[in-house]
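Read top to bottom, the protein sequences are chains A and B.
Residue numbering for the first sequence follows the working numbering, starting at 89 and increasing by one per position.
Residue numbering for the second sequence follows the working numbering, starting at 34 and increasing by one per position.
Honestly, the hints are just simulated from the structure, not real lab data.
One or more of the hints may lead you astray.
[Claimed, not checked] Using 30 Å as the maximum straight-line C-alpha spacing, the simulated DSBU-like pairs for lysine-lysine come out as follows: (1) B:111 x B:88; (2) B:111 x B:132; (3) A:145 x B:132; (4) B:106 x A:145; (5) B:132 x A:99; (6) B:132 x B:103; (7) B:106 x B:132.
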Amino acid sequence: GAGVSQSPSNKVTEKGKDVELRCDPISGHTALYWYRQRLGQGLEFLIYFQGNSAPDKSGLPSDRFSAERTGESVSTLTIQRTQQEDSAVYLCASSLEVRSYEQYFGPGTRLTVT
Amino acid sequence: AQTVTQSQPEMSVQEAETVTLSCTYDTSESDYYLFWYKQPPSRQMILVIRQEAYKQQNATENRFSVNFQKAAKSFSLKISDSQLGDAAMYFCAYAGGFKTIFGAGTRLFVKA
Numbered sequence: 089g090a091g092v093s094q095s096p097s098n099k100v101t102e103k104g105k106d107v108e109l110r111c112d113p114i115s116g117h118t119a120l121y122w123y124r125q126r127l128g129q130g131l132e133f134l135i136y137f138q139g140n141s142a143p144d145k146s147g148l149p150s151d152r153f154s155a156e157r158t159g160e161s162v163s164t165l166t167i168q169r170t171q172q173e174d175s176a177v178y179l180c181a182s183s184l185e186v187r188s189y190e191q192y193f194g195p196g197t198r199l200t201v202t
Numbered sequence: 034a035q036t037v038t039q040s041q042p043e044m045s046v047q048e049a050e051t052v053t054l055s056c057t058y059d060t061s062e063s064d065y066y067l068f069w070y071k072q073p074p075s076r077q078m079i080l081v082i083r084q085e086a087y088k089q090q091n092a093t094e095n096r097f098s099v100n101f102q103k104a105a106k107s108f109s110l111k112i113s114d115s116q117l118g119d120a121a122m123y124f125c126a127y128a129g130g131f132k133t134i135f136g137a138g139t140r141l142f143v144k145a
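With the sequences and hints as input, model every part of the structure.
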């Protein structure tokens with residue numbers, strides 16, 4: 089079946105604007121994760137969703153970051169009042185359930201804040 | 034808190050040779066998983082190999098194998114018969130307690 093998809097592939101925005109990043113997980117995967125990857129660095133956990141449970145938002149760096157997920161489908165990551173330090177690749181991943189741990193990644197969205 | 038350390042920012046290997054990437058982790062849990070992911074320039078993270086902590090036998094996937102030393106909290110990746118397509122960033126990851134933590138990565142160069 090189809091893998092994890094993300095849109096847009098690239099996004100350039102001006103400082104202070106809001107952006108929305110979208111993730112479509114693999115069908116049937118109940119767990120969904122968002123990560124941030126700054127240039128040349130590893131993955132920084134932002135948030136995960138598991139079914140209808142309350143999401144784990146412990147990795148969100150500030151209140152400008154929020155994420156939503158409708159049931160077990162699409163998720164959107166919203167960054168309000170973007171700052172230059174928000175420039176990074178934002179990766180989404182899904183897994184059958186959070187305890188299965190084996191994550192399947194999307195191609196990421198490269199966000200550039202000018 | 035759990036941590037994952039990859040002490041080699043870059044490694045280089047000659048085509049057809051063998052290379053080993055190092056990874057150490059710290060945890061107080063006994064039940065967890067370990068992974069190696071590959072990220073080529075396309076940015077697509079690909080799962081290379083996984084290891085369950087309760088299994089003593091080292092995982093193997095074709096040319097990729099691990100050396101899992103639970104007591105030493107070490108989880109290295111061996112790539113045999115290296116190919117040009119193996120050139121990428123490699124991330125070691127620890128998964129347990131509903132969290133997955135990634136190391137900083139090792140960039141692997143493969144020389145023709």
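Okay, the hints, checked on the actual structure:
1. B:111 x B:88: Distance ~18 Å between residue 111 of chain B and residue 88 of chain B Cα, so the pair holds.
2. B:111 x B:132: 25 Å, holds
3. A:145 x B:132: Answer holds: residue 145 of chain A to residue 132 of chain B is near 12 Å, not above 30 Å.
4. B:106 x A:145: Cα-Cα ~28 Å, so holds.
5. B:132 x A:99: 28 Å, holds
6. B:132 x B:103: 19 Å, holds
7. B:106 x B:132: It holds: about 18 Å lies between the C-alpha atoms, which stays within 30 Å.
Every hint from the earlier list agrees with this structure, and none is contradicted.
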